[in-house]
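Chains as they are written, first to last, in my numbering: chain Y, 1 to 112; chain B, 1 to 112; chain L, 1 to 112; chain X, 1 to 112.
Derived from the structure by calculation, the hints contain no laboratory data. Bear in mind the structure is a predicted one, so any value in this text is a computation, not a measurement. One should not assume that every hint holds.
As the list makes no split between identical chains, a pair holds if one copy fits it or if it spans any two.
Unchecked claim - The calculated lysine to any residue pairs, modelled on SDA-like cross-linking and capped at a C-alpha distance of 25 Å, are:
1) K91 x D55
2) K91 x V52
3) K91 x A101
4) K91 x D2
5) K91 x Q5
6) K91 x G81
7) K91 x F11
8) K91 x L4
Protein chains: 4
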Amino acid sequence: MDALQERLTEFAAARDWQQYHVPKNLAAALSVEAGELLEIFQWLTPEQAAAVMDDAETAHRVRDEVADVMAYLLQFCTSVGVDPLAALAAKIERNELRFPAPKRRGERGERE
Amino acid sequence: MDALQERLTEFAAARDWQQYHVPKNLAAALSVEAGELLEIFQWLTPEQAAAVMDDAETAHRVRDEVADVMAYLLQFCTSVGVDPLAALAAKIERNELRFPAPKRRGERGERE
Amino acid sequence: MDALQERLTEFAAARDWQQYHVPKNLAAALSVEAGELLEIFQWLTPEQAAAVMDDAETAHRVRDEVADVMAYLLQFCTSVGVDPLAALAAKIERNELRFPAPKRRGERGERE
Amino acid sequence: MDALQERLTEFAAARDWQQYHVPKNLAAALSVEAGELLEIFQWLTPEQAAAVMDDAETAHRVRDEVADVMAYLLQFCTSVGVDPLAALAAKIERNELRFPAPKRRGERGERE
Numbered sequence: 001m002d003a004l005q006e007r008l009t010e011f012a013a014a015r016d017w018q019q020y021h022v023p024k025n026l027a028a029a030l031s032v033e034a035g036e037l038l039e040i041f042q043w044l045t046p047e048q049a050a051a052v053m054d055d056a057e058t059a060h061r062v063r064d065e066v067a068d069v070m071a072y073l074l075q076f077c078t079s080v081g082v083d084p085l086a087a088l089a090a091k092i093e094r095n096e097l098r099f100p101a102p103k104r105r106g107e108r109g110e111r112e
Numbered sequence: 001m002d003a004l005q006e007r008l009t010e011f012a013a014a015r016d017w018q019q020y021h022v023p024k025n026l027a028a029a030l031s032v033e034a035g036e037l038l039e040i041f042q043w044l045t046p047e048q049a050a051a052v053m054d055d056a057e058t059a060h061r062v063r064d065e066v067a068d069v070m071a072y073l074l075q076f077c078t079s080v081g082v083d084p085l086a087a088l089a090a091k092i093e094r095n096e097l098r099f100p101a102p103k104r105r106g107e108r109g110e111r112e
Numbered sequence: 001m002d003a004l005q006e007r008l009t010e011f012a013a014a015r016d017w018q019q020y021h022v023p024k025n026l027a028a029a030l031s032v033e034a035g036e037l038l039e040i041f042q043w044l045t046p047e048q049a050a051a052v053m054d055d056a057e058t059a060h061r062v063r064d065e066v067a068d069v070m071a072y073l074l075q076f077c078t079s080v081g082v083d084p085l086a087a088l089a090a091k092i093e094r095n096e097l098r099f100p101a102p103k104r105r106g107e108r109g110e111r112e
Numbered sequence: 001m002d003a004l005q006e007r008l009t010e011f012a013a014a015r016d017w018q019q020y021h022v023p024k025n026l027a028a029a030l031s032v033e034a035g036e037l038l039e040i041f042q043w044l045t046p047e048q049a050a051a052v053m054d055d056a057e058t059a060h061r062v063r064d065e066v067a068d069v070m071a072y073l074l075q076f077c078t079s080v081g082v083d084p085l086a087a088l089a090a091k092i093e094r095n096e097l098r099f100p101a102p103k104r105r106g107e108r109g110e111r112e
């Protein structure tokens, strides 16, 4: 992931795009791309959505939008100096305290 | 990243949350969390936005929202069987062909 | 609607908030609020989502988020000088040409 | 606005699209369209964003996305039986209590 993050930085620098890649713009772009991923699913039933990778063209579109979300997330993290994996690990630890797992599996958990 | 992706899967399984973690819901949740990250920046000038990590409380909030975006992106990828880093590497290669870097640096690139 | 649009303008002016209510910020805020509305639905099945107004507290939350989306949409329109109802009427006319209705009802339309 | 709301309902009915126009899908579509509006602004400076209507093509795109956001907001409201203007009026009243205007204008308000 570090290598890809660096490649994204070089890609932007080679095109003089760092001027645009400031935190506020990157947070907006991340949100826009997450919307484009959601667009693929907006009219689908849960069943159709679960089978979305069966169609080669849609599967390509899903991978493409995942890549865009990841790209802007990593570039946002570069711009504010946040390590996304360290942030995620810390969050999982907080969530394990906040939402203790039930003793016995099978108790149907209600999603907060 | 693989280890965190697995931990997220176990976290959801221990709480019987897999029933909610279907592709359409996870794409919606990813978009919602990207909106929460953007919310931090919505009223800031570009200058204020660039200094967002100087305030300890806001910096914590940024890391927290980055973690949520990453968590739902990874869980979405698990649900559709997409490798996010492979998808990103493939996209960077396509973009290098689509937006060739100018020969000489310093030509001000216009962001597409 | 004009009266509410004016009231929003006065509300912002009385608090010296016009400085924040520029087009880019209002477009971001609109997107953030649309995300908050979606958040209510993200883990619901289509059936649960269709019954969302049966619970008084959730119904209040839905109305509250609808109001926020409408407020930022109207304020955005004020900031760029767009008449939202005229824009919508023009779009419906374009869509009637773009997606002609089938001759006979009952042919199951596929949502674009 | 009522007339447009009805026209949207007839438009969807004539194409057998009501099956797709359930609350969860419409909330997702609203969020996706708000993202498309934001996309126009994502790389612009505040100054460029303020002049966005000077270019005829971009102005058309802004009006088009405003229409889409309004269309899905109204259709969402139809699907859950919410009156968007009544919801907005009630919210403005709540906000007038929540954020009292300063006695004297000119005290620079900080945007919450």
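Hints versus structure:
1. K91 x D55: The answer is between: 19 Å across copies meets 25 Å, while 35 Å in one copy does not.
2. K91 x V52: between (30 Å within a copy, 20 Å between copies)
3. K91 x A101: Classified as within: same-chain Cα gap 16 Å, cross-chain 38 Å, threshold 25 Å.
4. K91 x D2: both (20 Å within a copy, 16 Å between copies)
5. K91 x Q5: both (21 Å within a copy, 13 Å between copies)
6. K91 x G81: Close inside one copy (17 Å) and across copies (23 Å); limit 25 Å.
7. K91 x F11: between (30 Å within a copy, 12 Å between copies)
8. K91 x L4: Intra 23 Å, inter 11 Å, cutoff 25 Å: intra and inter.
This entry satisfies every hint, going by the numbered hints stated previously.
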